[in-house]
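Undergrad: Please model the complete structure; the sequences and the hints are all you need to start from.
Sequences listed follow chains A and B, in order. full-length UniProt numbering numbers the first residue of the first sequence as 1 and each following residue consecutively. full-length UniProt numbering numbers the first residue of the second sequence as 1 and each following residue consecutively.
I should point out that these hints are in silico values taken from the structure, not numbers from a laboratory. Please note that a few of the clues may not be correct.
Pairs involving identical chains hold if they fit within one copy or between any two copies, as the list cannot separate such chains.
DSS-like, lysine-lysine: derived pairs with alpha carbons at most 25 angstroms apart [to be verified]:
{"no.": "1", "residue 1": "K275", "residue 2": "K290"}
{"no.": "2", "residue 1": "K61", "residue 2": "K275"}
{"no.": "3", "residue 1": "K61", "residue 2": "K207"}
{"no.": "4", "residue 1": "K207", "residue 2": "K170"}
{"no.": "5", "residue 1": "K207", "residue 2": "K303"}
{"no.": "6", "residue 1": "K329", "residue 2": "K207"}
{"no.": "7", "residue 1": "K211", "residue 2": "K61"}
{"no.": "8", "residue 1": "K211", "residue 2": "K87"}
{"no.": "9", "residue 1": "K290", "residue 2": "K211"}
{"no.": "10", "residue 1": "K303", "residue 2": "K85"}
Protein chains: 2
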Amino acid sequence: MQTTDKNRRIVLNERPKGEPNDNTLRLEDASIPQPGDGEVLLRTVYLSLDPYMRGRMSAAKSYANPVEIGDTMVGGTVSRVVTSKNKRFNEGDWVLSQGGWQDYSITNGEGVINLGSDTPNPSWALGILGMPGFTAWAGLEFIGEPREGETVVVAAATGPVGATVGQIAKLKGCRVVGIAGGEEKCRYATEELGFDACIDRREGDLKEALKEACPDGIDVYFENVGGAVFDAVLPLMNPHGRIPVCGLVAQYNATSLPEGPDRSPLILGTILTQKLRVQGFIIFDTFGHKFPEFQKVMQAWLKDGKIKYREDMVEGLEKAPQALNGMLKGENFGKLVVRVGPDA
Amino acid sequence: MQTTDKNRRIVLNERPKGEPNDNTLRLEDASIPQPGDGEVLLRTVYLSLDPYMRGRMSAAKSYANPVEIGDTMVGGTVSRVVTSKNKRFNEGDWVLSQGGWQDYSITNGEGVINLGSDTPNPSWALGILGMPGFTAWAGLEFIGEPREGETVVVAAATGPVGATVGQIAKLKGCRVVGIAGGEEKCRYATEELGFDACIDRREGDLKEALKEACPDGIDVYFENVGGAVFDAVLPLMNPHGRIPVCGLVAQYNATSLPEGPDRSPLILGTILTQKLRVQGFIIFDTFGHKFPEFQKVMQAWLKDGKIKYREDMVEGLEKAPQALNGMLKGENFGKLVVRVGPDA
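TA: What follows is the structure in structure tokens.
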């Protein structure tokens, strides 16, 4: 439990081979840090859990530096200001920062967004109004470029990215087909989010089901999982189709490449003959300058009830490692957030 | 030899498994067709040989319909008008058309470009001023988007696409690294075309050589071959790199996928972490509206001596099958054109 006399933090204990296990992360106690001049002490209220975190546990070359052994795991947080020696922040303000997996953190304010003292749904800054929502919007708008009447497919359909991609595509007049794990999620995607169809990846033949759900082929596939879903999607892509790639959750725990045959000629061949555009992006890196536009658009959609948002809230910092593992297997239902401490 | 009393034509005899052999194509004699109202009889002077032709021999789904068994092989031709019953064409005019692998063809003029009666280098319409040159220009300009100081890599560096890509990239102030088969071609690429480096893919370790030639990584890889070159390029791609895909010659004769492991997760993973844009295009299909602009730009460059162009001329229609096979192995040196008949 969060207290006022120590800083619990979860550090990287060893680099995982495959799925993270009990030895991967370690909960330890530290003293609460003291802010210096121009700095702010933050108390974590909400910690975001996101698939990219698996990547940071590995030493492999990626778009961001790995977490070092013994260092606190990185992560987006919504926190409250405990003590401020920085004019931009007042005691009690809600802030969005990269506080990491711990109760308390220090910041000089750089890259920290002040959400004010009276913000509704502060945790949404980690989801629909933050990185996942922005990923969905920018990837779909600027790479997916969906046109009315086209078919858009997205996996992890009830996750914070997938659900948002699908709902935006519906607003643009597309046929939207989701893929999700389990009947309950599929029902949510069609009944609550308004998807035209949602395929349960745990039931039956994914390729056949997808073909049936996409009688006119696929124009945009928003790639956030990879693996079997990508395999099923590829042969159905229409000429001039677009595949924004924001994540590949299905392969993050892989310790080696899958058995052959080597299907890379098939991928390149399809890209050529179908004239596909496949483009990876790392949201703030690629589209950072679009963030203000995103916030304006998304806030309006939320206000008008055009976009729905669901959180999967886990209670307690100590539950974070298990919850992250569950997410990598698709066990969460909505945006996974850890409540680390009370609001006030 | 071309005569005035019969039409030699090369037809698809059977679909090849792997590399085309002596049974794939068949030379046969037919009577010279007669033009009806609005039609024109053309005599083939030059036949273009291009890698895409291998694809048309196969029944597999592609961007264009396959040639049917017994049908004349398709191909771009520069021909002269023998008889015209169409106002747009006069006897003796040079025309660029899809005449196919034969001495004579009939057209109603649709899609046929009249080059006039006194055009210099009429065969260039099959190369630097036609499909391959346009492919190089548009793929580089609109997908590759090279910026000054960036590194551009292209294979088949002395072929009509590769040589043009590299020379345009040099005009834009890029470092240009070619890959070609053999010392002579490599020397031509650096000494005649002005490439900064050219790697002989037949000598030594391609990956090592490429790494050495691209000390700042690769920003644009113009993909026209696939296979081992793609494998060597991928790990060197810089963040936000672009890969226009116009051809995959190295895999056109493949009868099955290569042995494992399956490297597709590696490709997708690199696209994601390096934020790559990989985009296939079929030139007239994707960029057809840009053709007039291309012609203007390229004609000016040729006039100013800024772009050099080399043809590999084969004498006689009957040599076309063997020449096509050679090209699929990289044996041509410059744009491969068959002289089917005399100029006049």
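Undergrad: Each of the hints needs a verdict: does it hold here or not?
TA: Hint check:
| no. | hint | result |
| --- | --- | --- |
| 1 | K275 <-> K290 | between (27 angstroms within a copy, 17 angstroms between copies) |
| 2 | K61 <-> K275 | between (29 angstroms within a copy, 13 angstroms between copies) |
| 3 | K61 <-> K207 | between (33 angstroms within a copy, 18 angstroms between copies) |
| 4 | K207 <-> K170 | within (23 angstroms within a copy, 45 angstroms between copies) |
| 5 | K207 <-> K303 | neither (37 angstroms within a copy, 54 angstroms between copies) |
| 6 | K329 <-> K207 | within (20 angstroms within a copy, 36 angstroms between copies) |
| 7 | K211 <-> K61 | between (36 angstroms within a copy, 17 angstroms between copies) |
| 8 | K211 <-> K87 | neither (57 angstroms within a copy, 49 angstroms between copies) |
| 9 | K290 <-> K211 | neither (35 angstroms within a copy, 35 angstroms between copies) |
| 10 | K303 <-> K85 | neither (35 angstroms within a copy, 68 angstroms between copies) |
Checked against the numbered hints given earlier, this structure breaks hints 5, 8, 9 and 10; the rest are met.
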